[in-house]
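K.L.:
Residue strings, one per chain:
Number of protein chains: 2
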Amino acid sequence: MYFKCEKSILQDAVFTVQKAVTGKSTMPILGGILIKAYDGEILFTGSDLDLSIEKKISSEVIEPGTVVIDAKLFGEIIRKLPSDIIEIKTIDSNSIQISCQKSKFKLIHMNSDEFPELPHISENMIFSIPQRILKNMIKGTIFATAADDSRPILTGVLFEIKDKRLNLVALDGYRLALRSENLDTENVINAVIPGKTLSEVSKILDDSDRSVNITFTPNNILFHLNQTKITSRLLDGEFIKYTSIIPSEYSLKVTAKRLELLDCIERAALMGKEGNTNLVKLDIEEESLVITSNSQLGTVREELNIILQGQPLQIAFNSKYLIDVLRIMEEEEVIMELTSSVSPCIIKNSGQDNCTYLVLPVRLLNS
Amino acid sequence: MYFKCEKSILQDAVFTVQKAVTGKSTMPILGGILIKAYDGEILFTGSDLDLSIEKKISSEVIEPGTVVIDAKLFGEIIRKLPSDIIEIKTIDSNSIQISCQKSKFKLIHMNSDEFPELPHISENMIFSIPQRILKNMIKGTIFATAADDSRPILTGVLFEIKDKRLNLVALDGYRLALRSENLDTENVINAVIPGKTLSEVSKILDDSDRSVNITFTPNNILFHLNQTKITSRLLDGEFIKYTSIIPSEYSLKVTAKRLELLDCIERAALMGKEGNTNLVKLDIEEESLVITSNSQLGTVREELNIILQGQPLQIAFNSKYLIDVLRIMEEEEVIMELTSSVSPCIIKNSGQDNCTYLVLPVRLLNS
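Sequence lines, in order, name chains A and B. Counting from 1, position 327 in the first sequence corresponds to residue 326 in numbering that gives the first Met the number 0; the numbering is continuous, with no gaps. Counting from 1, position 265 in the second sequence corresponds to residue 264 in numbering that gives the first Met the number 0; the numbering is continuous, with no gaps.
Heads up, the list lumps identical chains together, so a pair's fine if it works in one copy or across two of them.
Think about it this way: if two alpha-carbon atoms lie no more than 30 Å apart in a straight line, the pair counts; the simulated DSS-like pairs of lysine-lysine are: (1) 319 / 18; (2) 319 / 79; (3) 71 / 272; (4) 35 / 71; (5) 252 / 103.
Hints are computed from structural coordinates only; laboratory data are not their basis. The structure displayed is predicted, hence computed values, not measured ones.
Put together the whole structure using the sequences plus the hints.
P.N.:
Printed below as a string of structure tokens:
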């Protein structure tokens, strides 16, 4: 193997595929990056079996070949080399030389035969979506996945396509996050993608309107963008029927400025931190919302103007769940739909109908 | 107590004195900030006994008084309040109210009688120096203090004034850092300041030419800048006679571009990381310096142009010590003064004579 490549291009490729090299595998070969040089192109691959990332770049290939190199060390070397042409070539049966200007590294490489084969996916593209939108949908749901493994399916995000709409859903038993976008497809899909791999995917997606093509197989999802292919294993099992959790009716509706509400809850949460209850109490009145909290160190009272449709209500929440939602939302005005102090609270944008958040209240001793 | 103050001014004061509240003390009162309101001024104090910081601000004081409030919670509350006038007043014997717009916090306060009295220092200012210069001198030496406590005096930085020159010195048994500035004073001082408190001091100093006034007592040093007073305990004991460690003669002298040398050593260090030896070998030749390193994963060879006066030499170092020094230095060109492969290496600026760094070599098996 022998090729030459501009440092910035090489660095970008290595950094991209490195995201799949988690260092958690017991297989030493998965600590490496597979480099395949052939006809004017080089293919880089990183994988932890759950998630695999491939990136193709154009380059001057003098002699084709395949090697596996330690991902961390290789990435650090490329990053530190001068911004110039980097030459990489095998110099004997088990080592390669990386050279750039007056720098010369000789690195042991691993046997590429040991590198696991990636699942073969024929790209019958199911749908295509601008990167920016998918990135936003992931960001808007992933925080609500379950942190512990007691119900593995809840550590993932549901990708559901039906009725020409893509829905991403995550829930952890205390709250639910649903983001939706219209989609021009007749397909019906129901697949759950591990939250951990999805978080790496969202780091690779950019904020542009350029498309990412998505393909599903029974066990995998493939994201294809530009010269990058990301393959993630799907989680086994059935996702919870989330539509039955989201109440379709409500008896009162609160309209509030999102950032003002967020600021008030964040301040109230400062007092709730003691003892880790995170408890904040909401007193919903005719024209104002009063938020209170207390701990051994003191009390806090916050007040903001709202528009209430329905009867006043007192209800309490874990402040963390409200804060997570209000921080991730984007519109200026939000709507809270409530029924009683023990039923779920729905939070939506007052404008666009592209998200539904559900937060369970905390039952107070006197309620 | 009852006063009103603009949020930004209050926040600045609280953040400054909080730096002395380390939360490591066993005395609960030291987790608090002492607030003294009197004639149009408020004095904030934080202390962990080793380091005390006082900051005075002007403010509308309606009723004088003194309280101690939990530093962390108070700082978080002030930070999260809207940018507006904040009112603080005692509302009963053990609590205060903080209010701003529609936010109201009621906080338990601690008994200010329990707050330890700060050492009384009469300010017979010994010298005055621009903040920017002192900050730079601290940054340029503090990294060489000893990390472990086996010789407590080495965890500090020596402030030495003699011959109209201020010298800051730190050393840890493997390397030494010395920064010097001319000073218009006849005083002679020899005091060692704990590295930990000095690092907080340097965070408060800004990059301006405004002066900081410095006063010494037998047990303390006082830094006075604008409305802020920082008092640090001095370390007991005699500092090592550092001048006898620094060789006054050398047999070869290397002149190199600092950033080029740093880049080469940083890259070479990537290979030396394996097994944590950090070893890099320098081959000093007539017109070039060759740097090599190796580990189980491979080898590296770096080369850069230098000017050598004297005979060629091979010498090895812990790369970390060279990197620390070359990163902190500022000039374009550095000079290394060497004698043999087992004697200390001196690193200086090629221009200004304001710093002397010493690094001990690593003895190689074959040398």
